[in-house]
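K.L.:
The lines below spell out each chain.
Number of protein chains: 2
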Amino acid sequence: MEPFEVHILGCGSALPTTRHNASSQVIRIGNKQFMIDCGEGTQLQLRRGHVHFSFINHIFISHLHGDHCFGLIGLISTFALLGRTAPLHIYADGMLETLMKPHLDFFCKGMNYPIFFHGIDATKHNIIYEDNTITVETLPQKHRMPCCGFLFKEKPKKRHLIGDAVNYYNIPAYMRQAIKDGADFTTPDGEVIPNARLTREADPSRSYAYCSDTLPCPGNNKYIKGVDLLYHEATFAESEKGRAASTFHSTARQAAQIACDAEAKRLVIGHFSSRYDECDILQKEAKEIFENTLMADEGRIFTI
Amino acid sequence: MEPFEVHILGCGSALPTTRHNASSQVIRIGNKQFMIDCGEGTQLQLRRGHVHFSFINHIFISHLHGDHCFGLIGLISTFALLGRTAPLHIYADGMLETLMKPHLDFFCKGMNYPIFFHGIDATKHNIIYEDNTITVETLPQKHRMPCCGFLFKEKPKKRHLIGDAVNYYNIPAYMRQAIKDGADFTTPDGEVIPNARLTREADPSRSYAYCSDTLPCPGNNKYIKGVDLLYHEATFAESEKGRAASTFHSTARQAAQIACDAEAKRLVIGHFSSRYDECDILQKEAKEIFENTLMADEGRIFTI
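Keeping their order, the protein sequence lines are chains L and U. FYI, in the numbering used here the residues of the first sequence are 91 to 394. FYI, in the numbering used here the residues of the second sequence are 91 to 394.
By construction, these hints were calculated from the structure, which means they are not laboratory data. Any given hint could be a false lead.
Where chains are identical, the list cannot tell them apart; a pair therefore holds if satisfied intra-copy or between any two copies.
Below, computed lysine-lysine pairings styled on DSSO-like, alpha-carbon distance capped at 30 Å [as the list claims (entries may be wrong)]:
id : residue 1 : residue 2
1  : K232      : K191
2  : K214      : K199
3  : K232      : K199
4  : K374      : K245
Chain L extracted, bound-state conformation:
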């Protein structure tokens, strides 16, 4: 199967520490790379992670708190210095374009590539990106400002041709795509060979959901039901549940409950508060609810 990976560049929260960078991650699906959030220092994390800058064409910003977007202007400048010509698409609250425009005009004058801002309505569940193999949907979050998560979903894939059958029936190349799509095959003698004898099951369509920053939003469970990998913020431990609620964040246990209720296959928790030197307590509390909990960490790559 083609790669489907989530590469964590930063999984700290608002106060940067020497342990965790501000939020950012790269999603690699086939030969495409997408970025989610872009906190300060993201371009350095790309360097450290040996990520090819030029393959990033789409950046999704969950919300306009600094720890999720202050790295954009530096990244955009560096793209320009590296001679980029490919368009860059940024999906974010419309306010981002308003704020960035004067900075782009001043700091990035004479850039050789265009930037397209795509305004997101964070209150709605929408498909905001689509290509031949995947879709990206918004997941409305509950935060102190408009904020949305993102659901990356592979489209249904074609069935696999069974090599022996293709040879046996001598199926011409030009008919194979149709058969992968489910068509039967009629031999020159008029015999109809049912598709089930020519193909086997398509690879499953994989999915990844990113939910940060937010109070628990069980209303999104219907969209992320059975998701292969769920990244959910877990800023606080249960002892700080009140603080989580008042700042519109989740505890590790709440993140795990979402994973459990949404029947996620695996959960990655991140967006750790700077108060936790080690995040063991967060992992422990999440695992009590959802055993298959993993910890985000800078440089860690999760394969789906």
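Based on these hints, arrange chain U on the given structure of chain L.
P.N.:
Frame of chain L; chain U shown alone:
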């Protein structure tokens, strides 16, 4: 003597690398801390260097290229998150305030401390900061946009009282400041004791000059003559002299020539181009002209 230190936070140039961060440094004079330039990731470098955020009250920005100022908004936000109440003074081209104002209003709404922008005329040599012990002067640079260096100078210090003389003549406490300032002492019997017998030489007034980004500017030598420590950009090796000229930067050798002509005591070179994996060639070329050349590096502290 009180400390006078230059703490390098970043000494790379426009393209960030895993070896060098964007430009920033902290100048520590007595119990005061000043920041020069604030590229992306500066607040993380402050963390790594265990620098007290709250002691930074004055930030000097040489010019408005991203690698010298993109870290400001993140630093300002973090100051706010840490509960800062002390005013912050930023000295920079007036355009910075225009550009930052909408970002401060949006990202730092409700901050508990004021920011004062002080517009700099980078074309002039001026005193732009003064307190009881130091002055900061601008040094006009030649770059692709208005840019200035900064000269930090201690004011002349008081002479030291000679303890034995103070005891012998039983000099009352209230007269000691005047004697430190150079006054003679008249005993109760009317005998005049010349100052030279009561005091010894004051500590020398130390100085530090920061010159980046710029073509060589020998016109500033009269201001920095005899400077204790000169930080001068040395973006390129001699083999890239043409490129240095066309991008308004200096070679290591040119930086060393300035140090030589200005009779600097020591030279620190920095702002290294990302093309140099190791900067040995830059050090070698500078040392051929000016032996007392040191290399900037992240985390390195130079004591004056």
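K.L.:
For each hint, tell me whether it holds in the structure or not.
P.N.:
Tested hints:
1. K232 to K191: Answer is both; intra-copy 27 Å and inter-copy 28 Å each pass.
2. K214 to K199: Between copies only: 26 Å across chains, 35 Å inside a chain, cut-off 30 Å.
3. K232 to K199: Between copies only: 20 Å across, 37 Å inside.
4. K374 to K245: Neither: 35 Å inside a chain and 58 Å across chains, both beyond 30 Å.
The structure shown violates just one earlier hint, number 4.
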